[in-house]
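Colleague: Take these sequences, add in the hints, and give me the full structure.
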Amino acid sequence: MDFGSINPVVLLASLMVASTPILLAALGEMVTEKSGVLNLGVEGMMIFGAVCGFIAAIETQSPTMGFVAAAAGGAALSMLFGLLTQIFLTTQVPAGLALTLLGTGLASLLGQNYQGMSPPRMPDMNIPVLENIPVIGPVIFQHDAIVYLSLIMVVVIWAFLKFTRAGLILRAVGENHTAAHALGYKVKAVRFAAIGFGGAMAGLGGAYISLVRVPQWTDGITAGIGWIALAIVVFASWRAGRVLIGAYLFGGITVLQLNLQAAGAKVPVELLSMSPFLATILVLVVISARRHGATSAPAMLGRIFHTS
Amino acid sequence: MKRRTLLTAAAASALALGAAFPSFAADPVKVGFIYVGPKNDGGWSQHHHEAAMVMAEHFGDAVEIVEQESVPEGPDAERVMTQMALSGADIIFTTSFGYMDQTINVAAKFPDVKFEHATGYKTAPNVGVYSARFYEGRAVEGYLAGHMTKSNKIGYIGSFPIPEVIRGINSSFLHAKKENPDVEMSVVWLNTWFDPAKEADAAQAMIDQGIDVVLQHTDSTAPQITAQKAGNVYTFGQAADMAEFGPMPRISSIIDEWAPYYIERVQAVIDGTWESDNTWDGIGAGMVGIGEISSAVPADVKAGAEALTASISSGEYHPFTGPINKQDGSVWLAEGEVADDGTLAGMNFYIEGLTGEIPQ
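In order, the protein sequence lines correspond to chains A and B.
Numbers given in this note's numbering equal positions in the first sequence, counted from 1, plus 23.
Numbers given in this note's numbering equal positions in the second sequence, counted from 1, plus 976.
Rather than coming from a laboratory, the hints here were simulated on the basis of the structure.
In this text the structure is predicted, and so the values were computed from the model without any measurement.
Worth double-checking, as some hints may not be accurate.
To be verified - Take a look, some chain B residues computed to stay more than 10 angstroms from chain A by CB distance:
(1) K1006
(2) G1018
(3) E1268
(4) Y1326
Stated by the list, open to error - Computed list of lysine to aspartate or glutamate pairs in EDC-like fashion (alpha-carbon distance at most 20 angstroms, straight line):
(5) K1278/B to E1155/B
(6) K289/A to D1304/B
(7) K1154/B to E1043/B
(8) K1205/B to D167/A
(9) K289/A to E1333/B
(10) K289/A to E1155/B
(11) K1006/B to E1043/B
(12) K1205/B to D147/A
(13) K1153/B to D1276/B
(14) K289/A to E1328/B
For every residue, glycine included, the Cβ atom is placed at its ideal position computed from N, Cα and C.
Modeller: Structure follows, in C-alpha cells:
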C-alpha cells in the first residue's frame, strides 16, 4: 500500500476533527448506560443539538452560545426520554427509537429557515508554546476548544466513575438498582442526571458537526453518526479510554480511506469504504476479549425500575 | 327499487354532465414527485422541487402536487410510489437513478398511471425516462479546471459508479487534460448522493492531498464550504447554481433546468397525448445550464469556456470526439469519430490517463 504521498501530520489533525462528534456522543451515552439506562435516541439528540446550536450561533453570532444551546437542547430532549422511561415506566428501547424519530423531525422543522446560512466560525485555540513543537504541535495543539473539551471529558469521566463517590453511586445504580434503592440512593434522580448528561453530550457532538465540521445546516446532517456512537460504547465495553480509541479509530480510518482514494491507492473502494466499521469492531472486540469478555455491561442496562 | 332507479338516474345525469362539461368535472391532474434527498438540500433534489413548483404555478388549479422527500433508493421507494399511485396520482416523477427498477416494478402494477424516471434507461409503455447531458456541462468544468489548477491535481467527488457519473468524470478529465497535459485527476467514491459530513471530509482529504480544484457529483454544498475555509481551492456548483459561494471558491456551475420538461409532460397528460419517451437533452435544448463564470477566472479563460459552451450548444462540437483511448490504452474513438448515445448511456470505463478502478 502506498502511504508515501499522505502526510501523517495532516492526516492526524483531520482525524481529530472527524472523530470529535462521535467521541462526545459516545462518552455521554456511556455515562447514561453506566446508570443502567439504554437510550437509543442518541441520533435524535445529536441532530436536535445540531440544529439548536446552529440557530443559536446564527442569532447571537457566537459559536460559544451555539454550543451552550446545543447542550441545553440535547439535554431538554433527553428529559422527555427520562420522563417516559423513569416516570411512566415505558420500555427503553422503543422510547429511545421514538426519541430519534422525534429529534430528526423536530430538527428538520426548526431548521427550515436556516438553510444555506453560514454560522460564525469557531476560532482555533492554539496552545502557546506547545503548538510550536515540531510534528506533534500542529497535530494536537492547533484545534478549536471543543476538541480539547472532548479529550478532557475522557479523563474527567474516567476519573469520575473510578474515583469519586458520586461515580460509585452511579455505577451502583446501574449494576443493581434494587440494592442501591435499599441503601437510600435516589435511583430515579441519578438516572435523570445521567440521561441529561448523555443528552447534553450528544447535543454538543451534533453541534460540532453543524458548526465546525461541515459547517452548515441541512436535514439529516448527522447521517447516522449517533448509531455509530452507540455501537462504540458497546464494543468499548463501557470504558472511557476505549471509547476514545474506538471513536478515533473510526474517525481516523474514515479520513484515511478518503485520503487513500484521493492519493490514488490501488485498493478496491469497497474495501476502503467498509474499513472503518471492520477495523473498529475488530480492534475493540480483540481488546475486550482479553479479559472479562462481554460481561462488562451494566447489569441493570435497559431494565425498568419501580419502587414497590 | 325506487331508490335504486333514483341513484342510477343521478349517476347517469352526473356522467352526462361530466361528458358535456369536461372542464368543470375534471379533477386536477395529480402529479407526484419523489426525491432522494431533502427538498432543501441546496442541490439536486431542491432543483427538482423548484422545477415542480414552477410547473405547479404554470398550471395553477389544474394540477395538484404531491411530494415525498428523502426516499431511500430501495424497497422503500417502491412502497412510496405504490402509495402515490393508490392515492390517485396521474403521473409520478421519480427523480433519482436508483429508483429505476422500482419504477418499472410499480409501473407494471398501475398501467393507467404514467411514470417518468430521471437519469435511467429502462422504459415501459407507461414509463418514460428523461435525463440531461450533464457531460456537456462537465466538459466546460474540465476546461476551467485545467486552466485554474496550479498544483495540476484535480479532485472529483463521485457518488455512485453509474454511467451518468462516469461520463462526468471522463468528460471533465478529457477537457482538463486538453488544456493542461500535466493534469491528474483523483476520484473519491462516497456511495451516497447526499451526506454533508462525508462530502466535507472527502473535500478536506483532497485538499490535504494538494488538490486545488474540486468537482463534485454529490448534492450538498458542504464541499464548497470546506473549500472556502481552505482558501485557494476552486469548486463548481452542482445541480443548482450555488452562487452564494462565488466568486471564490465556486467559479461556475452546472444547473439542471427541469421546469420546461415538467410543464411539457404534465401538459401532455392533461391533453391525453402522453406517450413513453426517452428524452436526453443538453445545453442546446436548455436542459443543462452553465452558471455565471465568476470574476476569479481570468478573462481569456472565461472567453474560452464560453466559446466551448457555445460550440457544444450549437451541436458543432461533441464533448466525446475522437481520438480517445480507453484506460487500458485500447482505442475507443478514432480520429474525428463521435461517441454514440448507446455507448454513452451505458458507459462503464475510464478513458486513458485516469488512474484507479471503477468499483463494480
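Colleague: So, for every hint listed, does it hold in this structure?
Modeller: Hints, one by one, checked against the model:
1. K1006: For K1006/B, whose nearest Cβ neighbour in chain A is about 25 angstroms away, the distance exceeds 10 angstroms, so it holds.
2. G1018: violated (6 angstroms)
3. E1268: For E1268/B, whose nearest Cβ neighbour in chain A is about 18 angstroms away, the distance exceeds 10 angstroms, so it holds.
4. Y1326: holds (12 angstroms)
5. K1278/B to E1155/B: Answer holds: K1278/B to E1155/B is near 13 angstroms, not above 20 angstroms.
6. K289/A to D1304/B: Distance of about 15 angstroms is within 20 angstroms: holds.
7. K1154/B to E1043/B: violated (43 angstroms)
8. K1205/B to D167/A: Roughly 14 angstroms separates the two Cα atoms, so the pair holds.
9. K289/A to E1333/B: holds (8 angstroms)
10. K289/A to E1155/B: Not OK: K289/A and E1155/B at ~27 angstroms, beyond 20 angstroms, violated.
11. K1006/B to E1043/B: Measuring from Cα to Cα gives roughly 11 angstroms; hence the hint holds.
12. K1205/B to D147/A: The given pair, whose Cα atoms are some 13 angstroms apart, holds under the 20 angstroms limit.
13. K1153/B to D1276/B: holds (18 angstroms)
14. K289/A to E1328/B: OK: K289/A and E1328/B at ~17 angstroms, within 20 angstroms.
In this structure, the earlier hints numbered 2, 7, 10 are contradicted, and the remaining ones agree with it.
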